[in-house]
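Colleague: All letters in the sequence shown, in the order written, are residues -12 to 105 by our numbering.
Derived by calculation from the structure, the hints in this document are not laboratory data. Wrong hints could be hidden among the right ones.
[Stated by the list, open to error] The calculated lysine-lysine pairs, modelled on DSBU-like cross-linking and capped at a C-alpha distance of 30 Å, are:
#: 1; residue 1: K30; residue 2: K50
#: 2; residue 1: K30; residue 2: K72
#: 3; residue 1: K72; residue 2: K50
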Amino acid sequence: QAQLVESGGGLVQPGGSLRLSCVVSGIIFEIYHMGWYRQAPGKQRELVARITEGDTNYADSVKGRFTISRNNAEDTVYLQMNSLKPEDTAVYYCNAQNQYGLALGDYWGQGTQVTVSS
């Protein structure tokens, strides 16, 4: 059974940085596209960043500030968040999607809270 466990969230001042981690178990990590999503109060969940075998893509709102990376040897995906803004406040979720189709696997973590406030 797939398990995704996020960590690294917390309270940070505007302009600060955080690094989120998501450790994955129970699946063959290498064949999964990994993503970070976020959901702010009263808003829909949105894609923040995604990493496939050879490509990354980002929401326009985080380009140049956030970096997604993965370590296949450690079954872990990271989200480095710099120059944080109050509007980045949200619960951040890790997602794993089987590269051969969602029906073969689409898994979510429980989320980690990120609060950007002075």
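Colleague: Determine for every hint whether it applies to the structure shown.
Modeller: Going through the hints against the structure:
no.: 1; hint: K30 / K50; result: 20 Å, holds
no.: 2; hint: K30 / K72; result: 17 Å, holds
no.: 3; hint: K72 / K50; result: 13 Å, holds
Every hint from the earlier list agrees with this structure, and none is contradicted.
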